[in-house]
Amino acid sequence: MKTNVNPTRMELTKLKKRLKVARRGHKLLKDKQDELIKKFVDLVKKNKELREKVEDELSSALRNFVMARAVMSKEIVEESLMYPVEKVDIDVETGNIMSVKVPKIKIHKKKKKASDNKYPYGFANTSGELDNAISILADILPDLLELAEIEKTCQLLADEIEKTRRRVNALEHIMIPELEETIKYISMKLDEAERANITRLMKVKEMVMEKSV
Amino acid sequence: MEEYLYATARVKALEIKLISQNLTERLLDAPSAEETAKVLSETEYGSYFGEIGSVYNFEEAIYKHLKDVFRIIDDSTGNPDFTRIFRYKYDIHNLKVLLKASYIGESYEDILIPIGTVEVERIKKTVSDKDFSELPAFLKDAAHEAVAGFELNHDPQYVDFILDRYLYSKMLDTAKRLGDFAEEFVKTEIDLININTFLRFRKIGISSSRLKEALIDGGYLKPSFYVEYFAEPLNSFAESLSVSRYDRVVDEGIQKWIVDQDATQLEKALDNYLIDLAKQGKYEAFGVKPILGFLKAKDNEAKLLRLIFVSKINEIPVEKIRERLRDTYV
Numbered sequence: 001m002k003t004n005v006n007p008t009r010m011e012l013t014k015l016k017k018r019l020k021v022a023r024r025g026h027k028l029l030k031d032k033q034d035e036l037i038k039k040f041v042d043l044v045k046k047n048k049e050l051r052e053k054v055e056d057e058l059s060s061a062l063r064n065f066v067m068a069r070a071v072m073s074k075e076i077v078e079e080s081l082m083y084p085v086e087k088v089d090i091d092v093e094t095g096n097i098m099s100v101k102v103p104k105i106k107i108h109k110k111k112k113k114a115s116d117n118k119y120p121y122g123f124a125n126t127s128g129e130l131d132n133a134i135s136i137l138a139d140i141l142p143d144l145l146e147l148a149e150i151e152k153t154c155q156l157l158a159d160e161i162e163k164t165r166r167r168v169n170a171l172e173h174i175m176i177p178e179l180e181e182t183i184k185y186i187s188m189k190l191d192e193a194e195r196a197n198i199t200r201l202m203k204v205k206e207m208v209m210e211k212s213v
Numbered sequence: 001m002e003e004y005l006y007a008t009a010r011v012k013a014l015e016i017k018l019i020s021q022n023l024t025e026r027l028l029d030a031p032s033a034e035e036t037a038k039v040l041s042e043t044e045y046g047s048y049f050g051e052i053g054s055v056y057n058f059e060e061a062i063y064k065h066l067k068d069v070f071r072i073i074d075d076s077t078g079n080p081d082f083t084r085i086f087r088y089k090y091d092i093h094n095l096k097v098l099l100k101a102s103y104i105g106e107s108y109e110d111i112l113i114p115i116g117t118v119e120v121e122r123i124k125k126t127v128s129d130k131d132f133s134e135l136p137a138f139l140k141d142a143a144h145e146a147v148a149g150f151e152l153n154h155d156p157q158y159v160d161f162i163l164d165r166y167l168y169s170k171m172l173d174t175a176k177r178l179g180d181f182a183e184e185f186v187k188t189e190i191d192l193i194n195i196n197t198f199l200r201f202r203k204i205g206i207s208s209s210r211l212k213e214a215l216i217d218g219g220y221l222k223p224s225f226y227v228e229y230f231a232e233p234l235n236s237f238a239e240s241l242s243v244s245r246y247d248r249v250v251d252e253g254i255q256k257w258i259v260d261q262d263a264t265q266l267e268k269a270l271d272n273y274l275i276d277l278a279k280q281g282k283y284e285a286f287g288v289k290p291i292l293g294f295l296k297a298k299d300n301e302a303k304l305l306r307l308i309f310v311s312k313i314n315e316i317p318v319e320k321i322r323e324r325l326r327d328t329y330v
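Going down the list, the protein sequences come from chains A and B. Going by this note's numbering, the residue at position 104 of the first sequence is 104; the numbering climbs one at a time, nothing skipped. Going by this note's numbering, the residue at position 117 of the second sequence is 117; the numbering climbs one at a time, nothing skipped.
If you are wondering where the hints come from, they were derived from the structure by calculation, not from laboratory data. Any given hint might turn out to be false.
[Stated by the list, open to error] Restricting the straight-line Cα-Cα distance to at most 30 Å, the calculated cross-link-like pairs of lysine-lysine (DSSO-like) are: (1) K74(A) to K17(B); (2) K203(B) to K110(A); (3) K64(B) to K17(B).
So that you can see chain A by itself, here it is in the shape it has in the complex:
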């Protein structure tokens, strides 16, 4: 659909300039989109792997946990775990992928005391099945946080890709054809005027010739 404009030469030059800008913009956005998608696909692959790993480990930790709970009473399990030995601080910074702001999570493990102990309970009334669960959970934390980081990044990238695609599509399917059509319309209109002018001139010339004969 053409836009409603005056078919003048000035308008034509203006539109041609706009078309050039639109084409360049389109190309740039298209490149950006391709790159985003490439990054996104990589991340999604990594995300899938990590998620499967984390889910596997979590489910085995929880299985151990349920079994630990089955051989120990609720009160003893809770007492064993009520006072944590490890404290974890998390810093979230922002990174940049193709001008998309993404989170970068950093873990600072703060141990209450320099020791190799991650089990906050004694061994007399607890079961070895609890050790398994705690050990898996303690090891899984960095992976869990990395998963959170990647999943959020994927989400943000997906948003950005959608936005970019909408822009690319708008340029490709609406803006550029519209401009092209308008340019075509104006140039045809101008050509038409030119032809009318020539015809008129020829007619005038003929009339002048007839009179002079």
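Fit chain B to the supplied structure of chain A, relying on the hints for placement.
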């Protein structure tokens, strides 16, 4: 030695009502936790499960039942030492909870267990007043040392280590008053715990200096025995245990542990060893053995029910439960 004729007679009558192998099978076959509770309704537990409303509160029913069992034994023996051996651990548990809660600054009242020898309220008051002088001597000393230990290390594990040590030394003292069998029983329990602690330490790779803190003194095997073998290959530990009284634990649990380090079989073997020891009480006509045996049987029964209920509530397959089922007393 006292014969406890009246008490033994009562215990023998109650023994019949313990959960048998047969009933265990029926509990396992029940399709849901609710159905399991229904199967239990024909046992001693029936009325307790009637009181609690939801099966999710099964622990409450178990504790209420244990409390009544303790009362019956106390009344019929006239000697509170029997149940004390089984009740001190709840005092220590409550003390652990309250001490840790005071460090965190939160209330954890719902995980206190009200069947110890000292009322929960009394321990609560002493912890909040930071004055333990009102408590029985062993709890007072334990609390003092645990507080000092925590202030030194800020490691909750030490609180448990210290309190557990006090618990078992108190249990052993009490058992000694009841005679040889009770002493043997508690000493064996200490050994079994130490064996488990030793193996768990090996698996999770904590230093041997901490092992010394975690081991409990007073068993037949001295703590130095474990420390000595800590750096040795597991096989040599198993060998030296297999010439001790714990040869069966080696055959049934430790051999498999060496292969797959799986806690399930090992802990089952350890528990079964103690139950087997307690079973002597079944074949004795009167005296300390049947009473202690019965109390251990009840303790074991609580474990059994807990295992079955947790498994049923979480829909754990029956074979997984079976792997962990301990022997029954009857």
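Of the hints stated earlier, which fail here?
Violated: none.
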